[in-house]
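Enquirer: Here's the letter readout for the chains.
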Amino acid sequence: MSNRLLEINNLNIAFGSGKNVFNAVTDLSLSVSKGQTAALIGESGSGKSVTSLSVLKILPANGRAESGSIRFDDKEILQMTEKEMQKIRGNEISMIFQDAIASLNPAMKVGIQITEGLKYHKQIAKSELRTVALSLLEQVGFHNPAHIFDQYPSQLSGGMKQRILIAMAISCRPKLIIADEPTTALDVTIQRQVLDLIADYKIREDASVLMITHDFGVVAEYADWVYVMFGGRIVESGDVFTIFNNPIHPYTKGLIGCIPSMESDSERLKSVYDYSFEEAGYKGRKFAPETYSMESKVYHAPSSLIEVEPGHYVRLFDENEVTIVG
Amino acid sequence: MIVRLLKQPQFLIGFLFIVSLILLSFIYPSIMDVQKESKFLYDENEVIVGVAPFSPKDMPPFGTDMNGKHLLYLVLEGAKYTILITLVITFLRIFFALFFSLFHRKSKSTFFDDIVQATLYIPTAILAYMFMVPLFVKDATEPMGMMTLIVVQCLILVGIGVPPLVSTFSEEIRSILAKDYIVSTFSLGSKKPYVYYKHVLPELSSKLLLLFAQQAIQTLILLAHLGVLAVFIGGSKTVMMGDIFNLTPATISLSGEWAGIIGQSYQKLLTAPWIILVPLSFFAFTIFSINLMIQGIQNSLESNKS
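As given, the protein sequences belong to chains A and B, one line each in that order. Under my numbering, the first residue of the first sequence is numbered 6, with each subsequent residue one higher. Under my numbering, the first residue of the second sequence is numbered 412, with each subsequent residue one higher.
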């Protein structure tokens with residue numbers, strides 16, 4: 006049995022139909038090993054969230070996985086029926102969404118929402134559900150769980166709502182947690198609390214985490230493995246030390262360079278575009294894509310992930326398609 | 412929710428008007444000194460000085476119709492049929508529309524929507540008339556009984572109201588299902604029936620109340636229009652009216668619902684306008700009351716949000 010809990014291979018996800026087909030994810034491969042945190046990093050619209058939704062098979066109605074494979078615990082997700090998926094969702098894989106305000110039903114008490122997953126997956130008496138929910142609230146750091154149980158989402162702060170989402174996600178002790186930008190909507194002081202809760206759960210339950218983010222600071226602190234994504238494709242991947250110590254793809258360098266530094270004497274913060282055109286290629290081959298504007302994504306020619314050093318992959322245009330001059 | 416609604420004066424006024432009308436409709440014969448007909452008006456010497464119809468000034472409060480029947484009693488008698496039939500039609504429209512929207516969400520096909528959109532431009536009264544005329548022909552050749560006729564007519568009126576509502580509900584349900592918290596619920600392993608019952612229906616409930624009131628108004632207006640087209644709920648019979656020198660056939664409603672009063676007398680709009688205006692005013696007041704109730708419901712929902 007492999008050590009890989011989640012393994013995505015050559016996944017293609019498209020939206021729309023006929024002439025209006027839009028390929029949101031192309032030829033994506035990634036894996037998350039047991040007990041590991043893998044980070045999927047990229048800017049908005051790069052296909053990170055779509056990838057995560059496809060793992061749970063809850064893509065929007067006009068989206069579909071056209072080809073490829075998603076294997077979870079040696080079972081092929083894409084071949085599973087809706088009934089089989091319902092047993093996996095929340096129970097073996099659960100998700101923490103980025104917008105806690107929108108992800109909680111405003112008209113339902115948070116305590117009731119926490120018990121939703123338990124009702125489906127665990128044989129717990131109705132009278133016991135409240136006790137389990139209170140214990141979960143305690144686990145995510147609420148000191149007065151009985152009070153919080155009866156609150157509506159509008160009565161809680163952003164950080165509290167995000168902790169409620171975490172309580173919901175961990176309620177059935179899943180093996181894999183997909184955290185879709187769990188700290189984006191939070192202020193910096195709360196971000197750490199939320200990320201620590203996820204990390205604590207991972208260690209306590211020997212679970213795995215697929216962290217979706219656009220913040221390299223978060224990646225540096227919490228991830229073991231990094232996948233950098235742009236325009237629906239992985240452009241670079243490797244373990245977190247390699248990616249930080251030796252980033253090769255200009256897009257990755259751009260993202261790392263965007264982290265504000267106290268030592269920097271620059272008058273303005275740098276953006277990814279300040280880095281992306283400094284170098285055009287690696288060992289005679291052009292980096293793919295050619296530009297980093299979401300409006301004009303360019304993957305003109307076939308490209309592939311090349312292993313530049315053991316476990317470190319970079320996307321380059323195929324050798325016989327495009328070559329650089331000089 | 413109900414307690415909050417009853418605290419809304421608009422809702423209370425509208426609700427009391429409609430409930431009083433229905434109650435009076437059932438109990439007025441036992442609490443009023445009912446003298447339903449006054450065909451002639453006599454002076455103190457018992458000499459006939461006038462023949463029906465009488466204006467509200469001659470026969471307060473609302474006057475009489477062509478047959479000398481007091482309009483007060485006619486509208487009270489017709490209230491139970493008009494309002495209850497309206498409520499039943501409205502309830503069934505909402506029920507079936509919701510049922511189809513929830514269980515046939517695949518009907519999101521634009522083809523279905525296009526057909527529904529096209530029918531929206533056909534006046535519903537014409538649509539109902541087209542379906543009901545063959546019914547009267549059949550009833551004339553093979554009488555089907557008043558209750559059967561009422562049921563079939565109600566089903567026709569339900570049927571023509573369901574497709575636009577299915578379209579509205581489907582759109583509404585689609586937008587609710589696209590909300591993040593629904594995706595979040597599905598990500599926990601929830602099944603569709605649970606999501607519909609616990610999340611979609613409660614979210615839809617305020618809309619349902621408003622649509623119910625809106626549909627009730629539309630049904631009342633439709634009944635009034637059908638009355639003008641001499642299509643009466645419960646069927647009609649043709650009687651000869653006028654004096655022996657000038658007998659004219661007239662179609663009268665068998666159930667006595669308000670639209671029937673309008674339909675059988677609308678030729679008298681210029682000579683005896685009160686015969687039309689009294690039931691029309693009751694239609695208007697009922698619609699106004701429902702509007703007040705809608706306002707009350709909206710106010711209650713707003714205060715609930717804030």
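Hints listed in this document are in silico derivations from the structure and should not be mistaken for laboratory results. Incorrect hints may appear among the rest.
[Unchecked claim] With a straight-line Cα cutoff of 27 Å, these simulated DSSO-like cross-link-like pairs (lysine-lysine) come out:
no.	chain 1	residue 1	chain 2	residue 2
1	A	K114	B	K648
2	A	K88	A	K124
3	B	K450	A	K124
4	B	K648	B	K450
5	A	K114	B	K450
6	A	K88	B	K602
7	B	K609	A	K92
Enquirer: The structure should be examined with respect to each hint, and the outcome stated for every one.
Expert: The hints, checked one at a time:
1. K114/A <-> K648/B: Since the Cα atoms of K114/A and K648/B sit roughly 59 Å apart, the hinted pair is violated (cutoff 27 Å).
2. K88/A <-> K124/A: Holds: K88/A and K124/A sit about 16 Å apart, inside 27 Å.
3. K450/B <-> K124/A: violated, 72 Å
4. K648/B <-> K450/B: holds, 21 Å
5. K114/A <-> K450/B: Given that 27 Å is the threshold and the Cα spacing comes to 66 Å, the pair is violated.
6. K88/A <-> K602/B: holds, 9 Å
7. K609/B <-> K92/A: Holds. K609/B to K92/A sits at ~19 Å (cutoff 27 Å).
Checked against the numbered hints given earlier, the structure breaks hints 1, 3, 5 and satisfies all the rest.
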